[in-house]
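Student: Those protein sequence lines, which keep their order, are chains A and B.
Residues 64 to 544 in my numbering are what the first sequence lists, from first letter to last.
Residues 64 to 544 in my numbering are what the second sequence lists, from first letter to last.
There are no misleading hints in this set.
Any copy, or any two copies together, can satisfy a pair, since identical chains are not distinguished.
Heads up, simulated DSS-like pairs for lysine-lysine below, C-alpha to C-alpha not over 30 Å straight-line: (1) Lys94 <-> Lys458; (2) Lys68 <-> Lys133; (3) Lys85 <-> Lys458; (4) Lys458 <-> Lys347; (5) Lys139 <-> Lys68; (6) Lys203 <-> Lys473; (7) Lys400 <-> Lys203; (8) Lys458 <-> Lys473; (9) Lys458 <-> Lys203; (10) Lys250 <-> Lys263; (11) Lys168 <-> Lys400; (12) Lys85 <-> Lys168.
No wet-lab data here; the hints were simulated from the structure.
2 protein chains.
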Amino acid sequence: MSSAKTQPARGMRDFLPADVRKREYVIGVIKQVYERYGFEPLETPAVENIETLMGKYGEEGNQLIFKILKRGEHEKTGEADLALRYDLTVPLARVVAQYQNELPKFFKRYQIQPVWRADRPARGRFREFYQCDVDVLGSKSMVVEAELIAAASDALVALGFNDFVIRINHRQVLTGILDQAGVERAKHDDALIALDKLEKVGSRGVDNELEARGINYGARQRLLDFFAVKSVERAMHFLPDERVVKEIEAFNEVMLGRLVEFIGAHEIGASGVDDLRQVLQFAKASGADRRIKLDPTLARGLAYYTGVIIEINVNDLPGSLGGGGRYDNLVGMFLGKDVPACGFSLGLERIIVVMSERNMFPADVVSAPADVMVTIWNEDSVGESIALASELRSKGLRVDLYPEADKLAKQFKYASSRGIPFVVIVGDDERALDQVAIKNMQSGEQRLVDRAGLGTALSDLGLRVRTGELRRNKGMGKDDR
Amino acid sequence: MSSAKTQPARGMRDFLPADVRKREYVIGVIKQVYERYGFEPLETPAVENIETLMGKYGEEGNQLIFKILKRGEHEKTGEADLALRYDLTVPLARVVAQYQNELPKFFKRYQIQPVWRADRPARGRFREFYQCDVDVLGSKSMVVEAELIAAASDALVALGFNDFVIRINHRQVLTGILDQAGVERAKHDDALIALDKLEKVGSRGVDNELEARGINYGARQRLLDFFAVKSVERAMHFLPDERVVKEIEAFNEVMLGRLVEFIGAHEIGASGVDDLRQVLQFAKASGADRRIKLDPTLARGLAYYTGVIIEINVNDLPGSLGGGGRYDNLVGMFLGKDVPACGFSLGLERIIVVMSERNMFPADVVSAPADVMVTIWNEDSVGESIALASELRSKGLRVDLYPEADKLAKQFKYASSRGIPFVVIVGDDERALDQVAIKNMQSGEQRLVDRAGLGTALSDLGLRVRTGELRRNKGMGKDDR
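Bound-form chain A, shown alone (with noise of 0.2 Å):
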């Protein structure tokens, strides 16, 4: 009975417990990454103060922000006081200002929460979302980029990716390119949302929106010329084989080139470039080098961002797996002082989306609630099956028991929904004997074991007698295997 009563809220989802285990699963993997990084957890509430939120996401975000009542006899003015957290960057910038004192001089944490947008819901799309963020704070140097790409990218293969491409570009060498080429500053913002399409709406597509939104002639060809060349394709997905490789770093190295010539002088645009070209070197040493393209039209967005800026993507995925990039500004709004800061947020939905659909779920991940169950014979034999329950479960395995005395083909049936793949019985005659029968419910074979050997069989029946580390298993990545 789906009714309007029991659905959930709209854009938001109950997670069943197969689900639940994916996402844990997940979670697990990325969690495991991050703290080979030295990165350290860090929770916030769900809900903060609402200036707290209010004006850090543009006019856009403040209308998707939810916010929250006054409670008691203000409730009836219709004001809110709270809001529900809407990123975990901005709650990450005020504990760096409350907690100053307390944190180490570079602040390495991960944040893996929920999330909530008002936006309107559509497929993949929802109200209520996880993000795994993690951020760097305390240090300009561009080590820190180089660390979170390598992190996300070993996240990202410890999953069984293998197909993502890192595209890199820096807020500050697209003011150089767009002042080079002659755009005013003020129309900056204007140009960048036009570059943004290049792919998609192609060379004239970008040159008209230029047009419409007032880039005189002279810039719109300059910008076209530089961006629109064979050489730039916007995507470029991969499997890094060494031929691959290659060309990737041939490349980088061409458009390197190209900014340089093209930016020259403009003092922020090279040092921006300079960014770019060590970001590039010191992911040589960890390997991530091979996955990463320079891509000149990335503009990610407009708001908090100063330095570098990251964003993986996959073939299959419109959108990305994740995005970041470095935002030495926004801590200041808390403290009053800058303090720097990188980081990078993997999108937990996307990337579940994309391993359903390419079925990359280790199998034994969304496994059996239990490993065996215990049936009840009849009304006197209750104790006798929670005390073999008991102790089959002081031995470490999972061990569902039936609730009541009921029909053994019940029992079964039960235990076969579940997915459960041995059923212990302790009938009468078992019970005389001293023993217990053991039911394979793929097979449907049955065999009788003693009592007090029945821990051992189980394990001999490919049920290891499982320890608390082998249950923990679950949210290793596959590298670890």
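Chain A is fixed; fit chain B onto it per the hints.
Tutor: Structure of chain B alone, referenced to chain A:
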């Protein structure tokens, strides 16, 4: 600079890394135990349609629900259409009604998520806090109560608790007692509110409150005769040694006898006493009976419980570590037909408070954020350091990389401040010899090893080159070690 601008919202908390690790440890142990009982994870949205929540928690509950303003043009109406999750039981009832055809006949789920209540914040009382719920739907058998009690008890034992008492009672038994004492039905709630204070205010105080609430003299006398005898110590905290176990067993026997005597032929009450007797008998099979004490004064609010009610206490905490009971009618509010249900909820925040005060966390729960830190000697050796960090990470070590070329003393100081036990240095001399230096940050000792043998050397120094499995140890209970 702590200012109102950077503080979390009132009654809510930021969790810095050491806090998150403690919380994740406790959640990990609880999950592991619940999985051993065949429970499966469920997650529901933080936000529910407001009708889903209103009217389910009584008048006081309605006022404590955080309500979310309508969006867009409707924002100015000041109306709310959504609300924040207030507990995990009502969403569970909604889920069972919504997905009844997809869920197994007996739905055993655990759910560990935050809830929000606009309570006045106080010590240990927050506006955002986690509940750890475990529920079984679909069976009226007392095996369910016994399993829930055993699971919650196992979880607390796995966390290191040994001195808790599990108090049980039954709503029908309360009805029977009050009926037989001559309290009219309309006054039952009043009488229970008064009786609930027996431990705090004594017989005289309860008598006064009963009188004030309009309970007649005869009924008051009969109630106080029944409750206010010496053998009914309300709280009985103990280490379950054999002597105490025998005492508690004898106590429960006596109490069952007194209930039978007092309730007599009162049908509903007598059936409740039978349930309690069964729970005690079944709990004996799992060993959980050693901690169970029958307590006829236990009332646990009156919202939706219909049968057995349960509460777990320790001496050094006012309030409970957790509680629960049977609620056979709640799902019917969504589904239109009743589904038997019973659940238990552990209070994460209270567990953490007691564990912190008692120093119950294993030492490695709040470990260093990394096993080793790699330094950066100078601008020319950045790549070398990145490559080294990358190599150690691929071996499963958690490696922090100092992000900048800097004075070595500063880099050591930073490693110290983060508690990282080992630091690796690749200076010019070392590079020339293809060696690296390892500094033990505790002893100050520094030694040279071959570059190729670094992984082995670190492992010899007591830093196991951990596999993914070992890293995931942290969630384990002590009983697994």
